[in-house]
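> Here the protein sequences come in this chain order: C and G. Using the working numbering, read the first sequence as starting at 1 and increasing by one per residue. Using the working numbering, read the second sequence as starting at 1 and increasing by one per residue.
For the record, the hints were derived by calculation from the structure and aren't laboratory data. Computed from a prediction, not measured in an experiment: that's the story for all the values here. Be aware that a few hints might be false.
One copy or any two copies: either way a pair holds, since identical chains are not told apart in the list.
As the list claims (entries may be wrong) - Listed below are the simulated EDC-like cross-link pairs for lysine to aspartate or glutamate, each with C-alpha atoms no more than 20 Å apart in a straight line:
#, residue 1, residue 2
1, 273, 258
2, 293, 171
3, 293, 172
So the chains spell out like this:
Number of protein chains: 2
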Amino acid sequence: MKVVSSPFLRACRREAADRTPVWLMRQAGRYMPEYRAIRARFGFLELCKDSEAAAEVTLLPVERLGVDAAIIFADILLPVEPMGVGLEFAKGEGPIIHRPVRSAGDLGRLAEVDPLEATPFVFEATRKVRAALGERVPLIGFAGAPFTLASYLIEGGPSRDYLHTKRLMHDDQATWHSLMERLQKVTVGYLNGQISAGAQAVQLFDSWVGILSPNDYREFVLPWTRGTIKGVTAGVPVIHFGTGTAGLLSLMREAGGDVIGLDWRVDLGEAWKRLGYDVAVQGNLDPAVLLAKPTEIRRHVRAILERAAGRPGHIFNLGHGVLPETPVDHVVAMVEMVHDLSRR
Amino acid sequence: MKVVSSPFLRACRREAADRTPVWLMRQAGRYMPEYRAIRARFGFLELCKDSEAAAEVTLLPVERLGVDAAIIFADILLPVEPMGVGLEFAKGEGPIIHRPVRSAGDLGRLAEVDPLEATPFVFEATRKVRAALGERVPLIGFAGAPFTLASYLIEGGPSRDYLHTKRLMHDDQATWHSLMERLQKVTVGYLNGQISAGAQAVQLFDSWVGILSPNDYREFVLPWTRGTIKGVTAGVPVIHFGTGTAGLLSLMREAGGDVIGLDWRVDLGEAWKRLGYDVAVQGNLDPAVLLAKPTEIRRHVRAILERAAGRPGHIFNLGHGVLPETPVDHVVAMVEMVHDLSRR
Chain C
1 MKVVSSPFLR ACRREAADRT PVWLMRQAGR YMPEYRAIRA RFGFLELCKD
51 SEAAAEVTLL PVERLGVDAA IIFADILLPV EPMGVGLEFA KGEGPIIHRP
101 VRSAGDLGRL AEVDPLEATP FVFEATRKVR AALGERVPLI GFAGAPFTLA
151 SYLIEGGPSR DYLHTKRLMH DDQATWHSLM ERLQKVTVGY LNGQISAGAQ
201 AVQLFDSWVG ILSPNDYREF VLPWTRGTIK GVTAGVPVIH FGTGTAGLLS
251 LMREAGGDVI GLDWRVDLGE AWKRLGYDVA VQGNLDPAVL LAKPTEIRRH
301 VRAILERAAG RPGHIFNLGH GVLPETPVDH VVAMVEMVHD LSRR
Chain G
1 MKVVSSPFLR ACRREAADRT PVWLMRQAGR YMPEYRAIRA RFGFLELCKD
51 SEAAAEVTLL PVERLGVDAA IIFADILLPV EPMGVGLEFA KGEGPIIHRP
101 VRSAGDLGRL AEVDPLEATP FVFEATRKVR AALGERVPLI GFAGAPFTLA
151 SYLIEGGPSR DYLHTKRLMH DDQATWHSLM ERLQKVTVGY LNGQISAGAQ
201 AVQLFDSWVG ILSPNDYREF VLPWTRGTIK GVTAGVPVIH FGTGTAGLLS
251 LMREAGGDVI GLDWRVDLGE AWKRLGYDVA VQGNLDPAVL LAKPTEIRRH
301 VRAILERAAG RPGHIFNLGH GVLPETPVDH VVAMVEMVHD LSRR
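Given only the sequences and the hints, what does the whole structure look like? Please build it.
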């Protein structure tokens with residue numbers, strides 16, 4: 001089978017396939033012993049920057065799970081690190097930005113970055129994975145969307161209410177839009193670099209955008225997300241993903257993307273109807289369901305496939321990343337269930 | 001003006017009023033110096049249990065802000081504390097449950113509670129506030145909904161992914177439903193106790209229900225929420241509130257309530273249309289907007305009022321509680337703006 005006719009790429013284009021394709025966000029991650037073994041030899045950023053190891057990690061779930069796509073092992077903050085914000089991955093804490101961006105002055109101090117020169121290791125890993133995969137399954141590249149990158153840069157660490165982000169957005173709109181413009185430019189270059197290196201589809205992660213009201217999204221985010229998606233090399237499918245976005249879906253659709261990613265807090269059937277059937281959808285199993293017993297997993301998988309009603313253009317996925325507590329055999333079973341229950 | 005014809009109670013019944021009524025969740029809270037002064041003399045639970053002080057705190061925002069309703073000062077975990085779960089409010093950490101409920105055995109160890117006997121201080125405070133308010137503004141009572149109470153009891157503390165809750169729900173459905181039945185019973189008694197003591201409307205807080213998929217909500221939550229709302233004394237308006245519920249609104253409507261509470265992550269106009277105009281709505285300003293400059297607050301208030309389109313049955317509120325960082329004068333200004341911009 002040529003990869004161009006893979007179930008995943010066919011679904012991105014809303015073409016019929018012999019089964020519903022499935023992959024998982026964070027399919028190469030802490031829940032997997034093989035990942036933990038490799039990770040024991042590297043810090044997180046080190047691992048991202050070692051193209052050989054990153055390629056090895058990327059390939060793990062293809063072998064182990066039988067998923068229909070690989071996604072390059074990387075982090076959404078890699079392209080902003082060279083701006084000089086002091087990125088660190090503290091153990092068990094997620095990313096910390098030591099010099100957060102909260103004013104025009106902070107923004108002025110950011111280094112100008114050429115994404116094609118700043119993260120050669122990502123493109124190198126992409127080339128290696130693509131060569132290793134051959135015609136087996138397609139490779140997905142990815143980037144953070146401008147809003148989600150901005151919220152990391154502004155908050156500087158984990159946040160519950162995103163108050164710094166919202167304050168900058170509301171009270172210093174000029175600085176906000178300048179920052180978004182910078183991030184749009186970097187993101188477009190970074191995604192197209194991955195495409196040149198071999199990525200056959202890309203996912204734009206606007207993971208935290210669901211904290212915004214629809215009005216704020218429309219005014220402060222939509223133009224920059226749209227610009228980012230428009231900048232992606234023509235012909236390469238874009239998956240536009242966020243969480244907590246049940247109230248933002250029609251605006252995300254306006255911003256663009258060939259596939260809209262759905263988390264689990266929305267009914268896939270209703271969401272697709274609201275989005276329109278001229279766009280594909282991805283999702284939407286609650287990651288917590290993978291901790292339940294297999295009969296319960298099967299019941300939930302079946303319910304989602306029923307909501308998609310066999311319509312071409314559904315990519316099965318979790319609503320967010322695989323949780324570290326997830327048993328690997330549950331993931332393997334879930335991938336089989338999707339293939340099994342959707343076989344046409 | 002008789003309180004029965006107050007703008008707030010009229011809006012609950014979708015009757016026209018001369019202005020849009022407004023109150024705020026956590027309107028008596030840490031952002032307010034008068035509250036902090038009283039709070040300095042009590043632990044949080046102590047304050048809830050001192051009916052004199054709780055009544056005093058309840059009345060503060062009526063004087064200071066000019067809101068259209070008071071809400072009794074209490075905590076949603078008060079009626080479950082007497083079950084013997086070891087509730088503590090640790091400084092700056094929110095509630096901790098020292099003996100979480102995660103199995104049939106744990107459930108069996110819970111004490112049987114008569115809500116009318118277990119929390120006399122809440123009813124006492126309610127009587128005092130009602131007497132003090134006279135005909136000025138109505139008094140709202142409240143309780144946690146069974147799901148949100150259950151998630152606190154099961155997690156035992158703050159949670160990001162609610163994995164214990166979801167695991168119990170999926171893997172031990174009998175225990176789950178027994179727990180929900182217990183909580184429904186306690187909640188109904190507790191709400192009706194507040195009504196007997198003088199509350200003229202009640203709000204059911206299902207604050208964390210937005211973490212569920214619509215299918216799980218329908219199966220594991222809806223019947224118990226419906227039972228709770230049905231159990232409330234006839235004729236008293238029920239506000240049914242949750243956050244992150246943009247994908248659950250039609251199911252919440254099915255569960256019941258005279259007013260559906262909306263957080264800020266959904267467009268009020270679209271949500272109301274989807275819910276149907278035979279129900280009132282409450283919301284939906286992003287609490288973070290109150291940290292912005294007044295011109296920006298006004299712009300956001302106006303946008304929400306425009307979405308409500310002057311239709312009777314809109315109660316203005318935040319989408320969740322007032323943030324501790326909020327300047328009091330911004331809150332005062334916001335209440336004035338709502339009255340001002342909605343005056344008919």
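> Work down the list of hints and note, for each, if the structure agrees.
Hints versus structure:
1. 273 - 258: within (15 Å within a copy, 28 Å between copies)
2. 293 - 171: Only across copies: residue 293 and residue 171 sit 7 Å apart there, 49 Å inside one copy, limit 20 Å.
3. 293 - 172: Answer is between; shortest inter-copy Cα gap is 10 Å, intra-copy 50 Å.
Hint compliance for this structure: every hint is met.
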